[in-house]
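**Student:** Quick note, the sequences are listed as chains U and Y, same order. Position 191, counted from 1, in the first sequence is what my numbering calls 191; the numbers after and before it change by one each time, with no gaps. Position 325, counted from 1, in the second sequence is what my numbering calls 1325; the numbers after and before it change by one each time, with no gaps.
For the record, the hints were derived by calculation from the structure and aren't laboratory data. Where hints are given, some of them may not hold.
[Unchecked claim] Simulated coverage check for chain U against chain Y, where a stretch passes if three residues somewhere in it have a Cβ under 8 Å from a Cβ of chain Y: (1) 8 to 21; (2) 175 to 187; (3) 290 to 303.
[As the list claims (entries may be wrong)] What the simulated footprint calls covered on chain Y by chain U, stretch by stretch (three residues with Cβ under 8 Å from a Cβ of chain U suffice, anywhere in the stretch; the number is not a length): (4) 1126 to 1140; (5) 1156 to 1167.
[Unchecked claim] Straight-line Cα separation of at most 16 Å, EDC-like style, residue types lysine to aspartate or glutamate; simulated pairs: (6) Lys3(U) - Asp322(U); (7) Lys3(U) - Glu1159(Y); (8) Lys1171(Y) - Asp1234(Y); (9) Lys311(U) - Glu1261(Y); (10) Lys3(U) - Asp35(U); (11) Lys1171(Y) - Asp1235(Y); (12) Lys1144(Y) - Glu1159(Y); (13) Lys321(U) - Glu1280(Y); (14) Lys311(U) - Asp184(U).
For clarity, every value in this text was computed on a predicted model and none was experimentally measured. Each residue gets a CB set at the ideal place from its N, CA and C atoms; glycine is no exception.
Residue-level listing of the chains:
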Amino acid sequence: MEKVYLSTVTPVYKGADYLRDLCAELAALRASLADEGGPLELLEAIFVNDSAVDESPEVLAELQAEHPWVKVVHLSRNFGQHPATVAGILHSSGDWVATLDEDLQHHPRHLVPLLVEAIAHRHDVVYANAEGAVHQTVFRNASSRLYKTLVAWLVGSPRVRQFNSFRLMRGSVARAAASVSTHDTYFDVVLSWFTNRMGALRLPLVDVRSMKTGQSGYSFRSLLGHARRMLISSEIKPLRFGAAMGMVALAASVILSVGVLILKAIHPELILVRGWTSLILAIAFFGGLNALLGGIAIEYLSALLLQAHGKPTFFVIDRGKDRLLAPLVEKYGTKK
Amino acid sequence: MILLTDSGGGNRPSCSIPVFGVGLLGSAIVNAVTSTAHPRVERIPLSWTDPALQERQLQELEARIAAPLQESPAACLKVLWSAGRAGFAATEAEIAVELESFQAVLGMTERLARRFPDAGMGFYLLSSAGGLFEGQRHVDQDSKPEPRRPYGVLKQRQEQLLAASGAPITKRIYRPTSVYGYLRPNQRIGLISTLILNGLRHQVSNITAWMSTLRDFVFVEDIARYISRVLLEDDARGEESTAVLAHAKPFSIFEIEKMVENVLGRKIYVSYSLEPSNQEDITFSHSVLPPGWHSSDLSSNISLIYKEAVASGAAFGQPPRLLDRS
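Just chain U, same shape as in the assembly:
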C-alpha cells in the first residue's frame, strides 16, 4: 500500500522533564496509526538537541536506543529555537512535517486533526491556534496578542496572527523553506514565499511548562528577536506607505507652487508675508522628494535582500498523494 509519511521535529533546550512523556505520546500515535492500517504512518520523530542545558541529551540517547524511529540531531552550540527547527526539518523525509515544542504544549494527539484540516481545505501549511487562553495569566495572553497585532501591522500581513511554532507543513514546502532560511529570516514568512495555501485550526493548547513552573519558553528578548527577523524577511509595508506619502507631498507641493505663482501674478496683494509661502513649498517639495527617493531606495534594498535571502522565482509541488488521505478526512470530519 502506498504510504503517506509524517515526520515530527522538536527542538530541545530544557526538556528533560517532558521528553519521555512526549515520546510516549508519539509512540501511542504511531501505534494507533499502525492499528488503523491506513496509509498514514509516523515515520520519524526528530529531536534537535540545541546544546541543551539539562539532562536532555542523555534522555534523548535512551529514547533513540528504545525507538528506531527516534532520530536525534546534535547542534554544535546553542543556536536558538528557530535554527534548531530549521535543522530538524532539513533532516526530515516525511510527506508532512510537524513542528512541536518539547514541553507537550503541542500535544501529538492534535497532529491528525491538523492533517485532516490541511487535506480538507487543500492547505500546505496549517497552524495550531489556541482556542482560549494559552498561558493562564491575563498579562501573558494580552501581551502575546498585542505583540502579534503590532508585528502584523508592521509587516502588513494579518496572517502573522496565525503564526505558531506548532504547525503542520507539506514536507517539500517545509524543506524548501528551511533550505533558504538563515539566521536573519523568519521561517513562517519564508514559508509564505513557497505557498499561500495556509490555514489555522483552533485547538485547546495549554502551556504546560508555564503552569507547572511559572516559566515560559519565551523571554522578552526572544520575542524582540522574532519581531526583528519577521521585519527583515518581510516587505515592510509602513515604509512603502512613507514613500507613498512622500510622493503625495511632492505632488501637492508642485500643485501648490503653481497655484502660488498664479496668485502672485494675478493678486500679489493677497500674499501678506513675503517668503513664507516659498519656504513652505520648498520644504514640502524637497521633503516629499527625499521621502520618495528614500522609499525607492528601500524598495531596491528590499528586493535585493529578499533575493539574497533566497526568495524563489518559482517552486514546483506535487499534491498527488493527498488523495490517499481522503478516507481520513471522511473519518474525522473537519472543524470550520
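Fit chain Y to the given chain U structure using the hints.
**Tutor:** Structure of chain Y alone, referenced to chain U:
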C-alpha cells in the same frame, strides 16, 4: 584495474589488493590506501569488452597473486570490486557485460581461496544503496532491497552471487548512496559536481529529479578513508557483513541547488525532469551505518570541490562524460 601490493608492517601481513574499477570511487580508495600504507602500485590492463582477452588477463593476474600466497602462508588477498561502468541508466545489455566480468573476478577469487585455504581471503564489494532501495524512505536494517531498474538488479545479483559463494572468503558488502567528489577528466560525475561545473560555466544542468526529490549524498573521500581502513586493518578471516555508507540526512535537490548557489555566489540554471520515475525519494536511517563510519558536512565539501575545480582548472577542461546520479 590496479594491483596494490602491501608488504605489510607492524601487525599487518603482506597482502595483495587488486582493485577492479578505478573510476571516481576506486581511484579515491587507491589514493587513500597508498597515502596510508605506501604499497606498490601497478596498473594492469583488463578488458571489459572482450571476454576472451579478459579471461587471459585474469589468468595472468591469478598467477601473479598466487605467488606471494605460496611463499607465505600468512599473506592475504583482498579483492575490491568498485567497478560501475554500467551507470544508473544502464540497459539490460550493459549490465549483462558487467555481470560477466564480476563473475569472472569472483571465480578467480574462489579458485585462489580454495588453493590457499589458510590465507586471509576477502572480497569487498561496493554495491549501490540507491540502486537497491530506490523509492524507499527511512531505509533501516530491516529494509529489503527492491531494485526498480537494471542497474539495481545488477547490484543485487552481484551481492547474491557473492553471498552464495561456497569458497572460504570473507564477504564484505558496502552500499554507498549517491557518491559525489572532485571533478576529474574523463570520469563520470554526479549531481553535485554537475551543478558546480555548469554553474561555473553558466550552463544549464539537466537534472533527472524533481526539486523536492530527496536523496542521500556521500563524499567520495569519506568512503575512500573508510574502505582503505577496512582493507588495511581487516584480517579477512571474520564473518560476512553488509553496511550502508550514507549521510543519513536527506537532501532535497532544491537544498543542494541553494548550497551550490551560496558557494558560487550566484544563481545557477537548472532544468528539472518531471518524469514520475525520477521523483522517488531515497532516504536512510542512522541505524544502517556501520561502526566507525563518518560522513562529512556537505556544504563544506561543495566549497572544497568548487575551490579545487577552480584551482586545478578542471572546471574549464573537458565537459563531463555523462551525467549520472549513482
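**Student:** Run the structure past the numbered hints and jot down the numbers of the failing ones, going up.
**Tutor:** 1, 3, 5 and 7
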